[in-house]
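Participant: Chain by chain, the residues:
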Amino acid sequence: MSEPQTHFRTDEGAVAQILDCDIAIVGAGPAGLAAGEAAAGTGARVILLDTFAAPGGQYSMQPTQGDSPFTDTPAVRLAREATARLAARGVQILTRAEVFHAAKRQDGSFRLAVSQQGAARVIRAGAVIAATGAMERPLPFPGWTLPGVIGAGAAQRLLKTGTGSLGPQGKTVLAGSGPFLFAVAQTFAKAGAPLDHLVEMRRPGVREALGLFLAHPSRLPEALRLMADLKASRARRHSGHMVTRALGTTCLEAVEIAPLGPDGQPGMAAARVLDGVGTLAIGYGFQPVVDLTTQLGADHGHDPALGGFYCQTGADGGTSLAGLYAAGETCGLGGANPARLSGRIAGLSAARGLGFAAAPDETAIKALRRARDFAARLAALWPAPQRLPLSLPPDELICRCEDVRVTDIRAAIQDGAREAMAVKLWTRAGMGPCQGRICGAGLSAVLEEAGVTAIAAGYNRAHLPLRPTPIGIVRAAMASGEWDI
Amino acid sequence: MSQPIRITLDGDEIEVAPDLPLTSILMERAPGWRESPRLQARRGMFCGMGLCFECVVEVDGQWTRACMERSRSGMEIRTADQRRSAGGGHV
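Chain order of the listed sequences is V and A. With our numbering, letter number 222 in the first sequence gets 222, and the count goes up by one each step, no holes. With our numbering, letter number 30 in the second sequence gets 30, and the count goes up by one each step, no holes.
Treat the hints with care, since some could be wrong.
Derived coverage of chain A by chain V (criterion: at least 3 residues anywhere in the stretch with Cβ under 8 Å from a Cβ of chain V; other residues may be distant) [as the list claims (entries may be wrong)]:
{"id": "1", "stretch": "8-21"}
{"id": "2", "stretch": "27-41"}
{"id": "3", "stretch": "45-56"}
Honestly, the hints are just simulated from the structure, not real lab data. All residues carry an ideal CB built from backbone N, CA and C; glycine is no exception.
Whole structure, please, built from the sequences with the hints as guidance.
Facilitator: What follows is the structure, encoded as structure tokens:
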């Protein structure tokens, strides 16, 4: 039996605090910070919210330890300085604040229900900017639920915010696909943490890379630095390989890898086992976090190169829902540069929409096009796998929250479930605390096996609560009288 | 490095750095600190950024995501190890 998911903390009788602003920005990564600066600069009252303890998002995540080698990196400084400027402008920054419900009222204004450290808040806003970022797009493989198997982004986060060590004894393997793996390898090198193996599905050729940097020469130094740091990490590089199994009884002990054949399938005859592994950090790319924008009912598109389902926006950052803007990875993956630029554009547009004097920043609009072009060309060098890279044994789990096996999902599809939502209702996959954020890509890949495309499978529109929230806080926010009936 | 603080992990008093993500402490000392609901399989940190809820742990009697929580002097952490030895339930 699965237990209820909302028993984290219950404060019976709590009353929600009401906060007023012109523009509420959800997410204080590079996009949200830039949106905040632009909007506050027009005189609009801004509230900026973030789940984490300090602004910065994933790109500019702030170290917790004073002796960390990451305390003064350009990315960390960027968020620290932007936060100071925002505070000086009177922007209210709520950290450790999680939006669990959002609605647009008939009068055109928005309400956000927020859980912050045991307290309920309801934010009244004239406009909302969703700068909710991206998360890993995990693809299931045999053994992926073993402790010690973590996301590539999780490894980076732990190295940057922790002591600089991952913790588990044994070797460390970094695996998956895409340029982000190099950024993670760089983090290992900077943290002084050993990285033993790098297993990458694809290594783009010199000719392909040349094309990218001829079009965007300013990005070459950064890429060369990444490659130098990768070398410095001394990781053994297995190009054209993938992880086919994580092995262990209660925890990860070994990793099986195999070379990919011309058909893209692993050649199991040539598979071999890397022994004595304590951590496998694996990442096949990212997906936009769209729970806020899907709940509000904005239009979403699907593009594998943008990470799957993304919130559609116009050139001004506006979504299909008037008053709702989106910036950064929420509108499709692109990295920190498009995030900063689209944040600025959305911040100005949201303010203009509410009557503040804010001319569009044509330079930013042009720069965004160029930054998006670089991101698209880079993504094209590492196409994200849409299907499961290898066939899963029937007992392997797709949904980690509810322990739903691939065989349960295949059975549901055979019985007629042809959409992500139907599979969810039949199997409970996606009903647990992660709300389908983690199993979404795997579920969609199993539907693909049965001939259902990702677009036809659709996405699970998020609903209250967007994140598991103490029931007392949900009750306090919903009893505030701020919601249309 | 700041002065270490004392916390309790499954009944044992340990010294750790202050303000450290709990995932940092648990990955080293109890990497499979949670049990899954149906299969009672061991789980640990996965996404590390507050979205998967695989790293949920009991801190001072409340469920919380280890990746979002930081070490504070005197905090009491209980993992599946202790709940199992005490014959308790699972998360």
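Participant: Failing hints, ascending?
Facilitator: Going through the list in order, the structure violates no hint and respects every one.
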